[in-house]
Amino acid sequence: MDINEIRKQFPVLDQQVYGKPLVYLDNAATTQKPLCVIEREREYYLHENCNIHRGVHYLSQMATEAYEHARQTVARFINAPEAHEIVFTRGTTESLNLLATSLGHLLFDSGNNTSHLSPLTSHLPKVLVTAMEHHSNLVPWQQMVKFYGGELLVAPMDDNGVLDLQAYEDLLKQGPQIVAMAHVSNTLGTVNPIKEMIHLAHQYGVLAVVDGAQSMAHLPIDVQDLDCDFFVFSGHKMYAPMGIGGLYGKTEWLENIPPYQFGGEMVDTVSFEKTTFNKLPFKFEAGTPNVGAALGLETAIQFLENLDRSAVEAHENLLVKTTMEKLSTIEGMRFIGQAPERSGLVSFIIDGIHPYDLGTIIDKMGVAVRTGHHCAEPVMTRFGIPGTVRASFAVYNTLEEVVVLVKAVERAAMMLR
Amino acid sequence: MTIKEIQNNIIEDFSMFDDWMDRYAMLIEMGKECPIIDEQYRDEKHLINGCQSRVWLHAELKDGKVYFTADSDAVITKGIINLLIKVFSGQTPEDILAADLSFLDEIGLKEHLSPTRSNGLVSMVKQMMLYAEAFKSIS
Numbered sequence: 001m002d003i004n005e006i007r008k009q010f011p012v013l014d015q016q017v018y019g020k021p022l023v024y025l026d027n028a029a030t031t032q033k034p035l036c037v038i039e040r041e042r043e044y045y046l047h048e049n050c051n052i053h054r055g056v057h058y059l060s061q062m063a064t065e066a067y068e069h070a071r072q073t074v075a076r077f078i079n080a081p082e083a084h085e086i087v088f089t090r091g092t093t094e095s096l097n098l099l100a101t102s103l104g105h106l107l108f109d110s111g112n113n114t115s116h117l118s119p120l121t122s123h124l125p126k127v128l129v130t131a132m133e134h135h136s137n138l139v140p141w142q143q144m145v146k147f148y149g150g151e152l153l154v155a156p157m158d159d160n161g162v163l164d165l166q167a168y169e170d171l172l173k174q175g176p177q178i179v180a181m182a183h184v185s186n187t188l189g190t191v192n193p194i195k196e197m198i199h200l201a202h203q204y205g206v207l208a209v210v211d212g213a214q215s216m217a218h219l220p221i222d223v224q225d226l227d228c229d230f231f232v233f234s235g236h237k238m239y240a241p242m243g244i245g246g247l248y249g250k251t252e253w254l255e256n257i258p259p260y261q262f263g264g265e266m267v268d269t270v271s272f273e274k275t276t277f278n279k280l281p282f283k284f285e286a287g288t289p290n291v292g293a294a295l296g297l298e299t300a301i302q303f304l305e306n307l308d309r310s311a312v313e314a315h316e317n318l319l320v321k322t323t324m325e326k327l328s329t330i331e332g333m334r335f336i337g338q339a340p341e342r343s344g345l346v347s348f349i350i351d352g353i354h355p356y357d358l359g360t361i362i363d364k365m366g367v368a369v370r371t372g373h374h375c376a377e378p379v380m381t382r383f384g385i386p387g388t389v390r391a392s393f394a395v396y397n398t399l400e401e402v403v404v405l406v407k408a409v410e411r412a413a414m415m416l417r
Numbered sequence: 001m002t003i004k005e006i007q008n009n010i011i012e013d014f015s016m017f018d019d020w021m022d023r024y025a026m027l028i029e030m031g032k033e034c035p036i037i038d039e040q041y042r043d044e045k046h047l048i049n050g051c052q053s054r055v056w057l058h059a060e061l062k063d064g065k066v067y068f069t070a071d072s073d074a075v076i077t078k079g080i081i082n083l084l085i086k087v088f089s090g091q092t093p094e095d096i097l098a099a100d101l102s103f104l105d106e107i108g109l110k111e112h113l114s115p116t117r118s119n120g121l122v123s124m125v126k127q128m129m130l131y132a133e134a135f136k137s138i139s
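Protein chains in written order, with this note's numbering: chain A, 1 to 417; chain B, 1 to 139.
Fair warning: there could be bad hints in the mix.
With beta-carbon atoms standing in for the labels, derived distance ranges [said to hold, decoys possible]:
hint	chain 1	residue 1	chain 2	residue 2	range
1	B	Leu47	A	Ser271	32 to 42 Å
2	A	Glu400	B	Thr116	29 to 39 Å
3	A	Leu35	B	Glu60	40 to 50 Å
4	B	Ile11	A	Thr329	37 to 47 Å
5	B	Glu60	A	Glu400	49 to 59 Å
6	A	Gln261	B	Ile11	28 to 38 Å
Derived pair list, reagent style BS3-like, types lysine-lysine, alpha-carbon separation capped at 25 Å [stated by the list, open to error]:
hint	chain 1	residue 1	chain 2	residue 2
7	A	Lys364	B	Lys32
8	B	Lys86	B	Lys65
9	B	Lys110	A	Lys364
What the hints contain is simulated information worked out from the structure, not anything from laboratory work. C-beta atoms are modelled at their ideal positions from N, C-alpha and C, and glycine is treated no differently.
This is chain A alone, in the form it adopts within the complex:
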């Protein structure tokens, strides 16, 4: 795998900031886009743009076919059994809001008899999350259980950022109906043993939702092997355009949960008295979708599939390992998240130095990292820190860039001490 050849496909990387070559290490926030993805979306607007599923005319049919082909590609990429089990959304956050809202209606609205779906629904609503969730996989559930007068359960982790599996199982025994878990933590880089966690959840009759925002670009995903009930992800964190993402759900669940938004092509028949809804997946896709971005997502998947995924994983792991080795020589360095199973990023603080100060100084040296709480405030509270500096990697990052990062951090630490 030739990283320099891959870099050439990402024009945005070839620029200077403050007169220094850009070192882009904020990939957990969003990855850059390869030319093929940019070209695909451009091509759509140049030659194919049309509203889909409506027109009988040529362009509309072509756009509809392309959009549905993209859905099939996503299904194949995560090994979903059926393309209709893929719902296009704006991304992880929208997928999770859809689930929290619509699962809430299905399971907890009074008058719904859903005991045939889940034997636990007669109890108080409870949702189990882990202590390492970002706000998107926490707040929607928290607000949903609050609305129904239920309870949010939180599975704890240890000082290395490793989930306490025993405590997780003990919490499953407390009767949550749903567990929502990050595949990879966006602040700690921890890879959770989700297959085992899903298996445990199912043993207790609990629905399993997996947040794949930070895993799709880095790890192979097979939803059938995982046996998760739902899997959500964002396109823009896996080299695709912003504004597109997805929700995978098992057919039986998607059939049963009510729609999230209304209008547009999600309806079947409409009168003033009553509306019936379209079949899967259209029932969940209200309004005109982001067709161009969906086609860009398909191209991003093809871009990933054309790479040797295991070589990509090995390369990214080497970047993480080297970064940690080199940073560890800096006095006062403290890594936040040292799980043995990790992916894609390094989070750290330096004693006596605020992450904002460090980020501000190294930004001036051309290094783009994220500072702050990374939309995961409870994780910061857990470690008793105001935030971290997070360097997160993508396939196009190099060992030379790691050296620049480390030098920049060393210099900034000297200035700030």
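Use these hints to put chain B onto chain A, whose structure you have.
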């Protein structure tokens, strides 16, 4: 000195450095010398929460002039707070309210006062103005 004169002095001080690193080194030094808020005011009531760094601000009126003390957990933020305190402390509420902050632009630090930076500084300036407004009505 008037607000304008103090601002001009600051611009002159910063113009001695061509290099951004020296400018930030000076800002960090200024952060360390910031008139620190009295412990009794370092509480929730005086806290301005930014997403990235936190700021505490207190003001009092003496002989018709406003005096600020503050603190922040980030030293660069504190350096900019100290710049603002140098400019505003010891001025009348009317002069503070009429002041123009474009000097931060001239010394290349405007980005820190961007609302998207979420370091608490924008809210702090607003809070300084609110203090001045309140003192104006009682003085």
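Status of each hint after checking the structure:
| no. | hint | in the structure |
| --- | --- | --- |
| 1 | B:Leu47 <-> A:Ser271: 32 to 42 Å | violated, 55 Å |
| 2 | A:Glu400 <-> B:Thr116: 29 to 39 Å | holds, 30 Å |
| 3 | A:Leu35 <-> B:Glu60: 40 to 50 Å | violated, 60 Å |
| 4 | B:Ile11 <-> A:Thr329: 37 to 47 Å | holds, 40 Å |
| 5 | B:Glu60 <-> A:Glu400: 49 to 59 Å | holds, 54 Å |
| 6 | A:Gln261 <-> B:Ile11: 28 to 38 Å | violated, 53 Å |
| 7 | A:Lys364 <-> B:Lys32 | holds, 21 Å |
| 8 | B:Lys86 <-> B:Lys65 | holds, 13 Å |
| 9 | B:Lys110 <-> A:Lys364 | holds, 14 Å |
Figure legend: structure checked against the earlier numbered hints; hints not met, in rising order: 1, 3 and 6.
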